[in-house]
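There are 6 protein chains.
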Amino acid sequence: MKNLPWEGRPEGCRDVMWRFSHNPIIDRYQIPVSNSIFNSAVVPFGDGYAGVFRCDNRAVQMNIFAGFSKDGVNWEIEHEPIRFNAGNTDMIDSDYKYDPRVTFIGDRYWITWCNGYHGPTIGIGYTFDFKEFFQCENAFLPFNRNGVLFPEKINGKYAMLSRPSDNGHTPFGDIWLSYSPDMKYWGEHRHVMSPAPFDQSAWQCTKVGAGSVPILTEQGWLMFFHGVITTCNGFRYSMGAALLDREDPSKVIYRSKPYLLAPAAPYELAGDVPNVVFPCAALTDGDRVAVYYGAADTSVCMAFGYISEIIEFIKNNSL
Amino acid sequence: MKNLPWEGRPEGCRDVMWRFSHNPIIDRYQIPVSNSIFNSAVVPFGDGYAGVFRCDNRAVQMNIFAGFSKDGVNWEIEHEPIRFNAGNTDMIDSDYKYDPRVTFIGDRYWITWCNGYHGPTIGIGYTFDFKEFFQCENAFLPFNRNGVLFPEKINGKYAMLSRPSDNGHTPFGDIWLSYSPDMKYWGEHRHVMSPAPFDQSAWQCTKVGAGSVPILTEQGWLMFFHGVITTCNGFRYSMGAALLDREDPSKVIYRSKPYLLAPAAPYELAGDVPNVVFPCAALTDGDRVAVYYGAADTSVCMAFGYISEIIEFIKNNSL
Amino acid sequence: MKNLPWEGRPEGCRDVMWRFSHNPIIDRYQIPVSNSIFNSAVVPFGDGYAGVFRCDNRAVQMNIFAGFSKDGVNWEIEHEPIRFNAGNTDMIDSDYKYDPRVTFIGDRYWITWCNGYHGPTIGIGYTFDFKEFFQCENAFLPFNRNGVLFPEKINGKYAMLSRPSDNGHTPFGDIWLSYSPDMKYWGEHRHVMSPAPFDQSAWQCTKVGAGSVPILTEQGWLMFFHGVITTCNGFRYSMGAALLDREDPSKVIYRSKPYLLAPAAPYELAGDVPNVVFPCAALTDGDRVAVYYGAADTSVCMAFGYISEIIEFIKNNSL
Amino acid sequence: MKNLPWEGRPEGCRDVMWRFSHNPIIDRYQIPVSNSIFNSAVVPFGDGYAGVFRCDNRAVQMNIFAGFSKDGVNWEIEHEPIRFNAGNTDMIDSDYKYDPRVTFIGDRYWITWCNGYHGPTIGIGYTFDFKEFFQCENAFLPFNRNGVLFPEKINGKYAMLSRPSDNGHTPFGDIWLSYSPDMKYWGEHRHVMSPAPFDQSAWQCTKVGAGSVPILTEQGWLMFFHGVITTCNGFRYSMGAALLDREDPSKVIYRSKPYLLAPAAPYELAGDVPNVVFPCAALTDGDRVAVYYGAADTSVCMAFGYISEIIEFIKNNSL
Amino acid sequence: MKNLPWEGRPEGCRDVMWRFSHNPIIDRYQIPVSNSIFNSAVVPFGDGYAGVFRCDNRAVQMNIFAGFSKDGVNWEIEHEPIRFNAGNTDMIDSDYKYDPRVTFIGDRYWITWCNGYHGPTIGIGYTFDFKEFFQCENAFLPFNRNGVLFPEKINGKYAMLSRPSDNGHTPFGDIWLSYSPDMKYWGEHRHVMSPAPFDQSAWQCTKVGAGSVPILTEQGWLMFFHGVITTCNGFRYSMGAALLDREDPSKVIYRSKPYLLAPAAPYELAGDVPNVVFPCAALTDGDRVAVYYGAADTSVCMAFGYISEIIEFIKNNSL
Amino acid sequence: MKNLPWEGRPEGCRDVMWRFSHNPIIDRYQIPVSNSIFNSAVVPFGDGYAGVFRCDNRAVQMNIFAGFSKDGVNWEIEHEPIRFNAGNTDMIDSDYKYDPRVTFIGDRYWITWCNGYHGPTIGIGYTFDFKEFFQCENAFLPFNRNGVLFPEKINGKYAMLSRPSDNGHTPFGDIWLSYSPDMKYWGEHRHVMSPAPFDQSAWQCTKVGAGSVPILTEQGWLMFFHGVITTCNGFRYSMGAALLDREDPSKVIYRSKPYLLAPAAPYELAGDVPNVVFPCAALTDGDRVAVYYGAADTSVCMAFGYISEIIEFIKNNSL
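Residue numbers (the working numbering), protein chains in the order written: chain A, 1 to 319; chain B, 1 to 319; chain C, 1 to 319; chain D, 1 to 319; chain E, 1 to 319; chain F, 1 to 319.
Same shape as in the complex, but just chain A (with noise of 0.2 Å):
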């Protein structure tokens, strides 16, 4: 990737990643009608980057839009919310979609999202443009959220993390693996990750889910996660990473015990839901790497680091 957005690490910061200074990099009234744009994803496209982003309107409704951006930074979101077309099935029904994830396999970008069909579960569609777009026949039986694909086909399939969950606000979550020879028929559904115990790494004790499309490394694939502790005024959502086996995804290689990023900013801390930090995406040039979260429910954020040394954090504080 030639134009990685990218910040250094700050004058005597000792983290593994630190924030943007320009954070956050989307504002909540962006386009006219939104309420709020976060948890959202890129990749690069062309010269620069496309991305679907989750925008609530002001109806606090819920969905996905198509937006471009030549540094990754700067962003044009489009005013209206992607429509799909029938991609692998004509049942596209959707009451709502959010927190979307895009990746690209083999021809296309293919992007997931939490989808409103009786209740949430996971949404699938492609594009080859980000302009024309296509759903699929959705991923699983409610109730889900948080499914990610990986980049690239697992012995030959598919495969997806999701965390299934219930109707609400889900006080629980683990993250799965499951597999489809044909982004239409699903299986061999497999347990990868728990929370954590809550004496161990309470920040990760209530649920964990998937948060960007696994990166691949020499040392297994590189997923960021984030992870929710319950407090007595509710949920905190955290940022922890995770590498898994290459060639069996749900086996956890190293977890990290303690968070890369948890909420302390101002605009982590304040806005729709408070104490929330919530990796939707990833992009790297190599070694570094640039995270785009959501925080608070209410804007898009960026935190950077260098791969091989998260890598070396988590091996070193692994739960």
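Hints in this document: simulated from the structure, not taken from any laboratory.
Check each hint, because a few of them may be wrong.
Identical chains share a label here; the pair holds if one copy fits it or two copies do between them.
Stated by the list, open to error - Straight-line C-alpha distance at most 30 Å; calculated DSS-like pairs for lysine-lysine:
hint, residue 1, residue 2
1, Lys315, Lys184
2, Lys131, Lys251
3, Lys157, Lys131
4, Lys315, Lys157
5, Lys70, Lys315
Place chains B, C, D, E and F on chain A using the hints.
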């Protein structure tokens, strides 16, 4: 009204309503004993304004206080709560009083509030001068909140909106209409409106309650109301508006699908109860309208708009 | 009353009230469509008795049915639910009707019941002949249950006991008194009695609700009521009695600390809702009293006693 | 079927379905280790019947056991639970197994059950002879229960009904349809039916789940299902029936508004879980149908009816 | 013991423990004021037996009563609750008393019970003669239940099992051990055992609590305990047994994976709280053991067994 | 005390207590591994101060750390948590440690904290030098928090305040007093104070817990405590004070009806848990008092006042 408190739409603002740049107009500690001053009501009075203010003291006892202002922005609030004499009843028990509304009907100012009598219900009182106050029979059995009188009789009877509730934080709530021939006995209860479906207007999907005293327009009664969504970190209160039928206000003509104002300013996002915008009063001098709302259960704020634009907006964006 | 249904105290019985040996007098399947018949009300009518019966059909839709009996024990219940004409209102919506009470005041029989109109509230109707029925305005806003009229006006006004509730199974409940000049508008709401402290009378520590129409005695209004305890396996409903002041029935003179009847018979311990004794009506011919109660939300049963003994008992065992 | 277990309609009975007079046919203690035997499935096998039985042992561990019968009424149940070999997967983990269903498709008997793998999901297995058993991939991600296969392929694919749930007692539940080309990967998930509105059919207002394997009739697939109401003392499970479209079984043609069988017999009203009627299998030899159901989570019982009458009934009493 | 109450194993019975054919031995109404008599304790006394009985009166006030029996089966229970004098404290407040246990240590009979003092905790008292009783300091802070003393000092100190709880129906519960040098100050709290994992022994997966006073055997302390499962219709209490280390009873040597007795008899399945078997006392004359247990929170019952067989059973079926 | 950390009352301030203008004095990230530092305790030590600090690390594991300061404001906190040797017990298990308090009695510094041993309970330890630490027996059975020792023996025994709780966020909580002859066995538990009625002092209506070590004054023991209200968005913790009887500290002489300090500063309104003011220590040099409190479960802050004024205030504003 000669001197409506007012500030024009800020440059570049494309919203139907906008905040006062001097918010909050009343700080939590404005009177010596107060912990917070919010959710309060004002009316034109003499050559200025009078109001009834919810002040929780530092024991966090809830009570209502009289106040006066020349300009509707700068307020002198009494340091002692209102003391009521017996009106149409001797039963003027009150464990607590909060969230007042005020309106002038006929020859006097009627006040309604949430009155603690074996649980919250709707207290009613009146005053001629904001010095001497008289308490009447409670309108309803518990549990009820947000009782708001229409500013004139309808079909010869007093009419009141209210929101039946429970004895706690009430995770539900519809707006109802009731009539009384005499401000003592109430009946002809009619259902007015329910929370909206989550996928159509999530900001008002948990509960809705009447806000300010309805404003009579040619097209119907304009009522600002609050709507609530339950996030994983608690309730978020926003403001919408509805237009009710002139003859039968239980009929909703239009109802805003988008909110008109939702917590986004710092004084709305943090405070005793974060993420609350709670309208309790509105002044108008024709087309201009000034809304008073409680922010974060902590302070009193104002927002402005034009009635014609608001009605146009909710007509074009009706649920 | 010439032919009060009656059975004397069984030999060796030392209880204040005792069960009918032919219980249940009405079986759950007595009419073709019924799933259960229970919580029903009877009054003297002609030379026999008439009644209004709660019959849930096999879709478990709740409705009320008229019935007739020569002796108060053997009943003919209509196979179709009561159809109401408009009384003092055109608004006779009803999603469901249950738990009726009946009393004669002035020139007609008044019926109250739990009426479904955007939640449970108190429905009111009347009949002159148990053939033609008229429905009036609901007495209150939701949520309310167990509305029981006094059998005569008090201080020139109709008087009703009720139990404000919630929209579910209601883990709380006090008895209240309200007045109406005209059976249309209601007010002067007064608190009558709360659940008892757990350590003083646990069978009535969750909620209490009026049961039968109060009986006027020289010492006051004798009211049978239900009290509920929450065990680890759900609610248990028992029956107590209270004596209310003749002039001001919001004043409780005596209230039974022990129950008068609690679930112990097989037909009370098992059924659609185990462990329920729920009184809804009482007949008397002077000192003898016959109480009709629902058993296990399944069938109609009877218990007997002497009013003088009952009053003596609650006087000597008052909370 | 030559020797369908059967007992004619009792004299005077006007119900569409009626209980076997020898209920329960299998007692809770029928095998040495059992605490309870219920919610079990049977199919014709050889010149008699075979079955898969849920037996909870006295540690209340849930497992499934094979059994055989000449007449469908008197059963020999194995004393050891079924041991599975690997079918189309090596992943045959199972913390527990319960609520089996069985059907013959093509060349073998397919078994589905609630399988414990990090929460309840749908386990799938097969046998040719009820001696050797093979376990396949779980159909879905948790949480799911009541997976019921259609007895033949639909549009060339296996089809399964299921009820997405949670990890506890699940106060909600819809019936869904999913397809698989190969019994390994599943997709094309379609919503079939939701709980009924409380005021229309309260016995099925909390959740509904498929019961027996659907029976193909000229008018469509006849499916017995369970419906649940939440009383103040817990869940009550009853049995209804629905007719699904032959070509697209996600379409409900008729659905019984009244129940067909609800807890009323002593063995249904008392037991490990009172008030449960839970159908898991049905045998038919043309018009006659014999339904096997679990009673009170304690024993196995039977009920009978005529398919033509049942379809007529649900047609005339459809939701 | 000369005359242990006893009945041999019924013909054909293959269970380790069996019920008394004359159950319940004490009916709910045995004394004039009682609503229920259950969860009670007995010890050898003089040439017969004495006991302390939980009798809830008809106000459902919980209290403990003394009783005497020649044969351990037929009991005379006092009609007035035990009155305590001050023992090692003047603070003998008690809002309620329930679930007593009794054991002889040294020179007197020690009684423990659930004592209401700002919530449930463990009350301690003693008597020499079951006529005069003395109350001591409560052992612990609230909230606690099921305090059971060992029948002799261990390492020179009194030792007590208990189950920390909450102020309600307590959906959790472990067994703990505490020591006291003087029956006044307690410490050295050690964890003994937790509920079992659901998939290993579901009948004891919600909570466990000590039942009878432990019996010293050569192999360790034999303790009967109750275990609870949460069904969709509430708690179900069953009885198991554990063997604790003689020197350090916080060490569990064996613990029964299957229950020894679970609700199945009619008097256990129906009553004030259905599905409860709750052991509180055990008598033994060597190998034979007679256990007293409360049934359905309604009556007192007995079950029998041989200690050698019970130990063998829990050894072979240990969790 | 020679150099009490101190800042005089700000000009115009009319409050009894006021915040330090340099708050927070300890930032969340002050030591390398910390996520937050709050709810900590300090004592005079040598010619300066020593303290025990709650630092949650970035795995959000809770532990306590020693620290030292010359002036009580600027602190050096160890980078490793305290390691305990065995004191009066070998059982020094601890899953987590948090919310410490420290006081000097006799010859050593005693530390109490919330200790994780099968749930939260009160851990006890001591040190002579803040270098070597010794852990003793836990004071109580779980579940307990906020154990606070009196700084001298009372009637010859150690005395401790505590707040029995549950294993979660505990929506209740009273303050209790217990005694011990030897810091090993505890008893003579007495109830001290309950939450206040909602309508009298709502800020302390959910729970109350001891804060700082009580300060002996001529008029009694001055104890700062926290009180909690449950808003619709979670708990809000404020600080009050009470005066306890010198001879029998279970007797409350005065108790502040208004709070002394409640969340209002930005660092109290936002953080890991918004809206928390949680006092854990107080220093005094006669009349001046400096209180250390945790802010928003994130940082350490200070507030100041005069003991004479505080006592006068709670005397004049007593509950």
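So, going through the hints one by one against the coordinates:
For the homomeric pair Lys315 and Lys184, neither the shortest alpha-carbon distance inside one copy (36 Å) nor that between copies (35 Å) is at most 30 Å. Taking CA atoms no more than 30 Å apart as the test, Lys131 paired with Lys251 passes in neither setting, with 37 Å inside one copy and 34 Å between copies. Within a single copy, Lys157 and Lys131 get their C-alpha atoms as close as 27 Å, which meets the 30 Å cut-off; across copies the closest is 34 Å, which misses it. Proximity of Lys315 to Lys157 under the C-alpha cut-off of 30 Å is restricted to the intra-copy arrangement: shortest distance 28 Å within a copy versus 46 Å between copies.
Taking the shortest alpha-carbon separations for Lys70 and Lys315, neither the intra-copy value of 35 Å nor the inter-copy value of 39 Å comes in at or below 30 Å.
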